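K.L.:
Here is what each chain is made of, one letter per residue.
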Amino acid sequence: MTDQEPDTQPMETPVDPLFTHPASPFLRTQASAIAHVEMPALPQVPSTWSTYRTQIEFGLAMVAYLMVLVGSVTVLQANPTAPWRYVVAVLPVVPAGLTLTIFVRALSRLDELQKRIQMQAFGFSLGATALLTFAYGFLEGAGMPHLSWTFVLPLMAILWGVGTAFFSFRYR
Amino acid sequence: MKNRLRVLRAERDWSQADLAEHLGVSRQTVNAIETGKYDPSLPLAFSIARTFNRHIEEIFESEVKAAAGGLAASGAGL
Chain W
1 MTDQEPDTQP METPVDPLFT HPASPFLRTQ ASAIAHVEMP ALPQVPSTWS TYRTQIEFGL
61 AMVAYLMVLV GSVTVLQANP TAPWRYVVAV LPVVPAGLTL TIFVRALSRL DELQKRIQMQ
121 AFGFSLGATA LLTFAYGFLE GAGMPHLSWT FVLPLMAILW GVGTAFFSFR YR
Chain V
1001 MKNRLRVLRA ERDWSQADLA EHLGVSRQTV NAIETGKYDP SLPLAFSIAR TFNRHIEEIF
1061 ESEVKAAAGG LAASGAGL
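Protein chains in written order, with the working numbering: chain W, 1 to 172; chain V, 1001 to 1078.
Don't read these hints as lab results, they were simulated from the structure.
Computed from a predicted structure; not experimentally measured.
Glycine residues also receive a C-beta, built at the ideal position from the N, C-alpha and C atoms.
Among the hints, erroneous ones may be present.
Claimed, not checked - Listed below are several chain W residues computed to face chain V (Cβ distance under 8 angstroms; list not exhaustive): (1) 111; (2) 112; (3) 113; (4) 114; (5) 171.
Claimed, not checked - Far from chain W by the CB rule (all over 12 angstroms, computed), these chain V residues: (6) 1004; (7) 1011; (8) 1050; (9) 1053; (10) 1055; (11) 1056; (12) 1062; (13) 1063.
With the hints as extra help, turn the sequences into a complete structure.
P.N.:
This is how it looks when you write it as structure tokens:
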């Protein structure tokens, strides 16, 4: 629509009298009577960063871990006999160490009740993991299939989550 | 431990979240203290008292009422 009609509008409208306009920088105006207005305190909305700091940091560290892991595996497959292969193989531990730092710092930011809940949850997950792994060890002795020890950490993490939920509920 | 936190909070028309923000703790912690399920640490109790301009004893009340001079008398043997 605007393409069909040539823009003649600005020529026809009267020019704004710049020098008589109240907001003109050329006109001396009176200072407003109220110099300072006390603003009402607005509710403090927590920022995404302050609310989800740990999650964001942890997510970024996990992305870094996956990138280094994929890179390390790719390089190792291409150079299976290189003398430096052990160094490359252990590289993913560096971003994993970063997640450890993030985790410990997140724990130190908790308040006293949250720390107590976490202490109870960690204690529970440690003890329950010991109990379950011992029990399965006995079952393996009796002929159950062998499970890899890498199952221990996920088991511990799940029990930690269960413990956090349980002990949080007790203080509700 | 009994406390008057809910009353003091209501006097100021504060939510649990408001008080939690003042104290720098989580809302869950404020709730647990109010319901008597968790006893705050001494620094947190002082900071609660300071927030409401009261003495700690005006906010928190021990459920075991010690007799006057009872502590000194029983402590003498130690």
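K.L.:
All the hints need checking, so say for each whether the structure fits it.
P.N.:
Results of checking the hints against the structure:
1. 111: holds, 4 angstroms
2. 112: Check passed: Cβ of residue 112 of chain W comes within 5 angstroms of chain V, closer than 8 angstroms.
3. 113: Since chain V brings a Cβ to about 4 angstroms from residue 113 of chain W, closer than 8 angstroms, the hint holds.
4. 114: holds, 6 angstroms
5. 171: holds, 4 angstroms
6. 1004: holds, 19 angstroms
7. 1011: holds, 18 angstroms
8. 1050: holds, 17 angstroms
9. 1053: holds, 19 angstroms
10. 1055: holds, 21 angstroms
11. 1056: Non-interface label stands for residue 1056 of chain V: nearest chain W Cβ at 16 angstroms, farther than 12 angstroms.
12. 1062: holds, 19 angstroms
13. 1063: It holds; residue 1063 of chain V is separated from chain W by about 18 angstroms at its closest Cβ, greater than 12 angstroms.
Checked against the numbered hints above, the structure violates none of them.
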